[in-house]
Amino acid sequence: MKLLRLALRTLRREWHLAELRTLAASLLLAVVALGVVATLASRVERGLLASAAELIGGDAGLSAPQALPQAYADEARRRELAVTRSARFPSVAFAGERGQLLDVDAVDRAWPLRGVLELAAHGSSTIGHGPAPGTVYLDHRALVALGLAVGQRVQVGGQQLTIAAELVREPDGGELVAMAPRAVMNLADAQRAGLLGVGSRAGHQLLVAGAPAAVDGWLAWAKAHPLPQGARLVTTEQTQERMRSAFDRAGAFLRLTALLSALLAGVAIALAAQRYARRKTPEIALLRALGTARGRVIGLLVATLAALAVPMALLGVLLALGVAEGAWRLAGTQLVHVPTTLPLLPALGAAAMGLAVLAGFALPPLARLAEVPPVAVFRASMVRRMRRVDTLYLVPALVALALIWSQSGSAKLAGILAASLLGVAVVAALLALLLLWLARRIAPGAHPALRLGLAALARRRALSTVQATALSLGLVALLLLAVVAPALLDGWRRELPADTPNWFALNLQDDQRADFTQRLQQLGARELNMLPLAMGKLTSINGTPVDRLHFADPRAKDWVDRQLRLSWTGTLPPSNRVIAGQWVGAQPPRAEVSIDTMWRDMFGLKLGDRMRFDVGEGTLDATVASVRQVDWSSFRVNFFLLLDPAHASGLPHTWLASFYLPRGHAEALAQLSRDYGNLSLVDVDALLDRVREIVGQVGGAVRWVLAFSLLAGALVLAAALATSAAERRHEAALLRTLGARRGQLRLAAACEFALLGLIAGLTSALGAAGAGWWLGRAVFRLDGFMPPLAPLAGAALLSAVVIMLLGLAGTRRVTRTSPMRLLREQ
Amino acid sequence: MSEPSQPLLEARDVSKTVRGPEGRLDILAGVSLAVHAGESFAIVGASGSGKTTLLGLLAGLDVPSAGSIHLGGHALEAMDEEARADLRRRMVGFVFQSFHLLPALTAEENVMLPLELEGRDDARARAHEALEAVGLGARRRHHPAQLSGGEQQRVAIARAYVHGPHVLFADEPTGNLDQRTGRHVADLLFALNRDHRTTLVLVTHDATLAARCSRGVELIEGRLAAPAVAP
Ligand SMILES: Nc1ncnc2c1ncn2[C@@H]1O[C@H](COP(=O)(O)OP(=O)(O)OP(=O)(O)O)[C@@H](O)[C@H]1O
Ligand SMILES: [Mg+2]
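Protein chains in written order, with my numbering: chain W, 1 to 826; chain D, 1 to 231.
These aren't lab readings, by the way, just hints derived from the structure by calculation.
Among the hints, a few may not be true.
Some residues of chain D that are not near chain W, with every Cβ distance over 12 Å (derived) [to be verified]:
(1) Arg12
(2) Thr17
(3) His163
(4) Pro165
Selected chain D positions facing chain W (in silico; Cβ < 10 Å) [claimed, not checked]:
(5) Met79
(6) Arg84
(7) Glu132
Each residue gets a CB set at the ideal place from its N, CA and C atoms; glycine is no exception.
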């Protein structure tokens with residue numbers, strides 16, 4: 001306790017020191033940056049789960065091809081969960097002469113338990129629940145196809161129902177495909193009409209909702225019992241999977257931002273701690289000379305640091321929570337329609353991490369401080385020189401690695417960042433040593449004023465190298481934050497341009513192609529793309545029938561039993577990348593197949609393996625010619641297996657068309673689907689909208705955090721630089737005594753800091769460009785991503801100039817005040 | 001010794017006031033003195049009497065609160081810091097009680113500093129010579145931390161006169177040294193005064209050192225105790 005009191009007193013006395021304030025500010029920055037992002041990420045995660053529930057219409061459920069046993073509903077009610085039942089089936093609806101195949105949801109009046117059923121009637125939209133008996137909701141396409149309006153009657157399943165409202169949006173389980181126009185009717189009506197009986201094509205669903213613990217309990221109970229034939233549990237996690245890919249990348253952005261801010265803070269902490277240690281050296285030497293034990297010196301240092309750090313970390317937690325809440329309100333509310341509470345744990349975790357950063361980066365210089373020998377009282381300059389190799393300085397490197405590892409959430413992101421930063425550190429150190437060596441070489445022959453600055457740098461080789469390296473690392477973090485991250489975000493946004501295909505047409509026949517294309521063009525469709533589609537089965541690999549092969553991967557068995565979708569094309573589709581072998585091309589001498597990485601891994605395939613496919617009556621033997629990496633989140637039509645056109649075009653096939661059609665063509669599309677009765681039209685607008693929304697919202701949140709940490713990072717870096725500039729003041733004062741002109745001091749400082757700025761600017765620009773390029777391709781999967789080189793070069797130049805100006809600013813005080821006062825101050 | 005009509009260094013009614021934590025503090029009041037070229041001049045007095053302050057004023061390191069100081073015919077208080085720096089470089093050399101060598105530089109590089117500031121090309125050769133003259137030719141690659149106090153002070157003396165200043169100011173140059181080393185350092189200073197006719201202004205506690213000077217004044221609580229002693 002005595003120690004703590006002493007530490008508090010020390011802190012109060014030393015609080016005016018710039019380096020202690022820098023330490024405090026850096027810690028604050030680290031905690032806030034880490035805390036904001038961790039809080040936001042956990043909240044978005046929760047929100048995503050909640051929005052998955054909205055898509056399902058409940059928190060969890062069970063679906064099966066037949067009616068579900070009553071026990072599941074009873075168990076849910078016993079756990080005080082709300083329950084709803086529904087069924088989905090195709091049915092043809094009639095209105096006068098017209099008939100139209102509809103996807104019908106038959107629901108009870110409690111449905112949906114989560115999410116919204118949006119209805120429109122008489123020009124206004126409302127949020128509602130399942131329709132009353134005798135009524136039905138039809139979506140716009142159905143209304144148009146049948147030539148009906150709200151209030152009129154329609155015949156569904158032999159029953160005359162009144163159209164109570166137009167169906168605008170319903171919880172649809174996050175289904176990509178809405179094959180047919182939709183209708184929602186009353187479950188009891190459907191039962192009465194015999195639409196759900198044995199032999200019907202209805203799928204049944206039971207949904208529950210309520211307190212999370214009760215839902216989990218119900219799910220556990222359901223899992224503990226054998227499920228009815230063909231039934232499967234519906235959980236938010238599965239549904240959320242589809243949004244995952246979009247969210248994962250957003251999360252990577254957020255984590256990258258926080259990580260870089262924390263590392264930036266670490267650099268500033270290291271610089272400030274070094275400076276603090278130097279300042280404390282005479283004092284510690286005195287304490288030691290007066291008989292203070294080394295343990296006590298360490299204790300005092302640690303206690304002082306703790307007295308500074310703990311309140312700062314707590315302040316950081318509060319700020320992080322505040323900022324996260326603000327960012328959530330500004331950017332996040334539309335992401336999720338369910339209110340979520342502010343989680344506290346992530347921010348506390350960030351505080352712990354911030355303290356670890358402080359300890360890791362401040363430890364080496366302070367630990368060395370405890371080793372100051374008492375004899376240093378007599379010769380302060382003796383202990384000033386640094387050790388050339390000091391294993392203690394591995395500690396911050398390890399802390400940085402641990403931080404990168406724990407925060408990045410992906411080994412790839414961690415690896416790339418760590419490698420880039422290490423590369424930058426090494427290059428910066430080498431460049432610094434080289435330039436300093438050069439400086440020493442040319443100093444004697446240089447202009448006398450330049451000579452002074454060059455000589456000053458060259459003589460402090462160790463310190464200058466450390467400083468150049470630290471500045472480079474800091475600048476890389478800043479450049480990545482300021483220039484590369486926004487470019488990555490833009491690249492991602494551009495990936496889903498406004499005219500991304502939003503419709504798919506399945507089952508198009510060969511002889512319909514030309515006509516269909518013409519019709520679409522008349523409608524104003526763009527980006528039309530057609531791919532052949534054959535359904536077949538894999539029958540043997542390298543001559544061995546698949547049923548006699550044993551696969552380690554359990555998925556393989558599944559795929560062997562399934563009908564596979566096969567296609568062929570002469571050109572490599574966009575969002576595909578060949579990672580092994582050669583792309584098939586249009587005219588290979590023998591039949592070839594290109595497989596994606598999942599198939600390679602599932603079946604243990606390699607180049608040159610032979611695969612046999614049965615398609616209808618025909619068979620095809622193809623050799624594995626290439627392995628593709630496919631970006632499945634690209635919203636394009638992609639295939640696991642691509643054959644070559646020369647050999648595959650003889651197989652029985654249909655065509656799959658994708659195209660972009662602006663909204664508001666429901667009527668024309670309905671006509672189209674009537675004219676091509678065999679065609680299935682699939683609308684992916686809703687899903688595209690949702691992903692665009694996520695990109696937009698998360699992008700907003702990222703920018704928010706980015707701008708904030710950027711500002712704080714720049715401030716801390718400037719402070720660190722200013723502290724080191726103060727170090728030169730005594731020397732400058734002495735030179736002043738010897739009659740150095742203001743211009744000489746300025747030129748010396750300018751030359752010194754320009755050299756530092758040059759090293760830092762150059763290495764950081766290269767580092768940021770390299771890391772950005774690598775990150776863009778490997779982590780954010782942006783094909784052909786190029787970091788913006790001109791802005792990077794500009795920013796690097798600007799930072800070099802700023803570093804020089806900051807150095808110059810440090811000389812201002814010297815040239816203004818009388819040298820007498822400066823000498824006395826020392 | 002013939003006395004030129006114009007003194008090299010002259011203080012007229014100089015006072016220095018600072019604003020400290022406890023309010024106004026008069027460090028110097030009404031100090032007048034004159035030092036002629038080639039003289040050796042001692043300023044003695046008790047600790048805290050204002051010797052260092054006076055020396056700083058005479059050398060143009062600071063400006064008086066009132067009164068005027070002329071160095072080589074220039075009124076220091078009328079010049080700005082930049083002009084005074086220029087004057088210092090041309091006319092003045094310094095030796096401090098606590099040496100004030102730059103720890104990152106070798107002995108030779110420390111001595112080179114004033115020449116480098118003037119932009120001289122022969123800095124290294126002249127610095128070498130100066131170090132030889134103070135008997136440290138063999139130690140010129142050493143850093144201050146590797147030198148003893150006396151050796152450091154000799155380096156400081158070499159630095160102070162290497163560019164041939166007109167006046168050499170020394171603030172208790174022997175204060176940190178033992179008697180013998182102190183005497184050696186003092187011998188060096190007086191040899192400069194004698195051989196190069198460098199004017200020497202010396203602050204000291206040491207009565208024997210003061211006695212070796214041609215003239216001197218005593219400060220008591222910021223005031224001159226007696227008129228300057230005639231040589
Ligand atoms: N900038 C300042 N602010 C406040 N007080 C000052 C300042 N400069 C000098 N003093 C005070 O003025 C007085 C004279 O200081 P000075 O250093 O000139 O004494 P000195 O005669 O050289 O003493 P010593 O022999 O101990 O070196 C001292 O009391 C000192 O504390
Ligand atoms: Mg003094």
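In ascending order, which of the hints set out earlier in this document are inconsistent with the structure? Checked against the structure, the hints that fail are numbers 3, 4, 5, 7, while the rest are satisfied.
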